[in-house]
Amino acid sequence: MRVFKFIFFAILGFIGLYILACAIMTSKFEISRDIEINSNPLIIFNQVNDFQNWNNWEPWAEMDTTIINNYGDITSGECAYREWTAEKVGNGNMNITNSKLLEQIDFEISLSDWSTFYGQFIFEPKEAGVKVRWTNEGDLPFIARGCGPIFDVMMGADFEKGLNNLKVYCENLPARTENMQVVIWESQPYVYILDSCKVSDISAKLAEVYAEIYYYLASQGTMSIDQPFARYLSFPQNPGDENKVILQAGAFLETEIETEGRIQIDYSNSGKIAQASHFGAYETIWDTHDAIKKYCKVQGLKINGSAFEMYITDPGLESNTANWETRVTYELK
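If you're matching positions, the sequence shown starts at 1 in the working numbering and goes up one per residue.
Some hints here could point you the wrong way.
[To be verified] Distance ranges between label pairs, derived from CB positions:
| # | residue 1 | residue 2 | range |
| --- | --- | --- | --- |
| 1 | Glu178 | Tyr267 | 24 to 34 Å |
| 2 | Lys333 | Glu258 | 24 to 34 Å |
| 3 | Lys333 | Gly156 | 50 to 60 Å |
| 4 | Lys28 | Asn238 | 30 to 40 Å |
| 5 | Glu160 | Glu108 | 43 to 53 Å |
| 6 | Asn38 | Thr97 | 23 to 33 Å |
| 7 | Leu111 | Cys79 | 12 to 22 Å |
| 8 | Pro315 | Asn91 | 31 to 41 Å |
| 9 | Ala157 | Thr65 | 12 to 22 Å |
| 10 | Glu260 | Thr65 | 51 to 61 Å |
[As the list claims (entries may be wrong)] For lysine-lysine, the following DSS-like pairs were computed, each having C-alpha atoms within a straight-line distance of at most 25 Å:
| # | residue 1 | residue 2 |
| --- | --- | --- |
| 11 | Lys333 | Lys297 |
| 12 | Lys161 | Lys205 |
| 13 | Lys100 | Lys167 |
| 14 | Lys297 | Lys272 |
| 15 | Lys100 | Lys126 |
| 16 | Lys198 | Lys100 |
| 17 | Lys244 | Lys198 |
| 18 | Lys302 | Lys333 |
| 19 | Lys161 | Lys131 |
| 20 | Lys293 | Lys272 |
| 21 | Lys161 | Lys28 |
| 22 | Lys244 | Lys126 |
| 23 | Lys272 | Lys333 |
| 24 | Lys294 | Lys126 |
| 25 | Lys131 | Lys198 |
| 26 | Lys244 | Lys100 |
| 27 | Lys161 | Lys88 |
| 28 | Lys205 | Lys244 |
| 29 | Lys126 | Lys198 |
| 30 | Lys272 | Lys131 |
| 31 | Lys88 | Lys131 |
| 32 | Lys88 | Lys126 |
| 33 | Lys272 | Lys100 |
| 34 | Lys198 | Lys161 |
| 35 | Lys302 | Lys272 |
| 36 | Lys244 | Lys293 |
| 37 | Lys131 | Lys167 |
| 38 | Lys293 | Lys126 |
| 39 | Lys126 | Lys161 |
| 40 | Lys294 | Lys272 |
Don't read these hints as lab results, they were simulated from the structure. All C-beta atoms, glycine included, are put in the ideal place defined by N, C-alpha and C.
Let the hints inform the model, and build the full structure from the sequences given.
Listed below in structure tokens is the structure:
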């Protein structure tokens with residue numbers, strides 16, 4: 001009997017101490033972890049800014065294979081929305097409330113049986129890449145305040161796992177540069193549309209422009225002699241830059257045609273060009289641009305203007321991004 005009394009009073013004492021701890025401990029929680037990633041800042045930012053990319057690195061997908069994701073009409077940038085159901089980690093949703101290119105992403109998270117809390121990613125440029133800091137903060141229910149320190153350890157471990165996954169993914173995206181060469185380019189007419197968009201909207205913008213151009217070419221009874229191209233006249237590359245891409249997108253022709261509306265015509269320069277083939281996802285193409293620029297510097301060649309990117313492989317016909325070929329061409333002075 002004494003043993004039962006001892007156990008009873010011990011349990012009461014523990015409960016009392018826990019309630020006291022809940023009463024004196026903070027009602028707020030903040031969990032923060034960081035890591036340095038040696039990769040292109042745009043690659044890293046895009047992995048976080050687009051909810052459809054979270055499956056590449058988030059830790060909970062490994063912990064619970066029953067997760068089913070559903071996305072809103074907007075999947076990247078401000079107002080992007082994602083919700084999920086899962087047997088182990090539970091149901092929830094999140095939306096991006098603020099997105100500053102290459103700087104910061106803020107989001108709001110709601111979990112079943114939990115009050116809404118807030119998350120943030122901060123991107124800090126470093127010499128070899130980017131320092132990424134992931135933070136969640138919010139209010140703790142009264143009964144959970146006593147577990148605050150344990151909460152930090154448990155969720156902090158998930159953050160560390162997710163950041164390490166992000167590092168591994170971004171640093172190991174398959175990409176290669178082949179067929180580096182200098183050749184003579186004959187002057188050729190091309191039609192194009194000058195337009196602009198956010199970085200996250202490039203694919204949609206190109207699809208829109210190409211559809212308009214190829215519809216017009218068909219109406220004129222002519223067609224392109226090569227794959228479609230894009231030239232990026234202005235592209236944000238540093239924190240604080242306006243999230244605005246100015247581009248030309250179009251197609252090369254055999255002969256000159258009459259144009260109308262916003263479709264314009266121009267000619268490529270005749271003379272030497274430096275070009276190479278990039279194989280890999282589009283976000284890794286900066287490796288090939290850098291390789292061409294370094295090659296030209298070593299060879300004493302001077303680049304003239306923005307590059308032409310020729311999209312040789314149709315992503316609709318080839319699902320493996322490692323096989324996507326993009327021919328990058330720089331005109332030379």
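Run the distance test for lysine 297 versus lysine 272: straight-line Cα separation, threshold 25 Å.
Answer holds: lysine 297 to lysine 272 is near 15 Å, not above 25 Å.
Would you mind confirming whether the straight-line C-alpha gap from lysine 272 to lysine 333 stays at or under 25 Å?
8 Å, holds
Would the hint linking lysine 161 and lysine 88 be met if the CA-CA limit is 25 Å?
17 Å, holds
Does lysine 244 pair with lysine 198 here, judged by a C-alpha cut-off of 25 Å?
5 Å, holds
CA of lysine 131 to CA of lysine 167, is that 25 Å or under?
Measuring from Cα to Cα gives roughly 10 Å; hence the hint holds.
Regarding the pair lysine 244 and lysine 100, is the alpha-carbon distance no greater than 25 Å?
12 Å, holds
Can the restraint linking lysine 198 and lysine 100 be considered satisfied, given a maximum Cα separation of 25 Å?
Roughly 11 Å separates the two Cα atoms, so the pair holds.
When you check the alpha-carbon spacing of lysine 100 and lysine 167, does it fall within 25 Å?
Satisfied, since the Cα-Cα distance of roughly 21 Å is no more than 25 Å.
Does 30 to 40 Å hold as the CB distance between lysine 28 and asparagine 238, or does it fail?
34 Å Cβ-Cβ, so the 30 to 40 Å window holds.
Below or equal to 25 Å on CA atoms is what counts here, so check lysine 302 against lysine 333.
It holds: about 6 Å lies between the C-alpha atoms, which stays within 25 Å.
Straight-line Cα separation of lysine 293 and lysine 126 no greater than 25 Å?
Between lysine 293 and lysine 126 the Cα gap is close to 22 Å, so the pair holds against 25 Å.
Within a Cα-Cα threshold of 25 Å, do lysine 88 and lysine 131 meet the stated pairing?
31 Å, violated
Hints 5, 12, 30, 31, 32, 33, 34, counting from the list given before, are not met by this structure.
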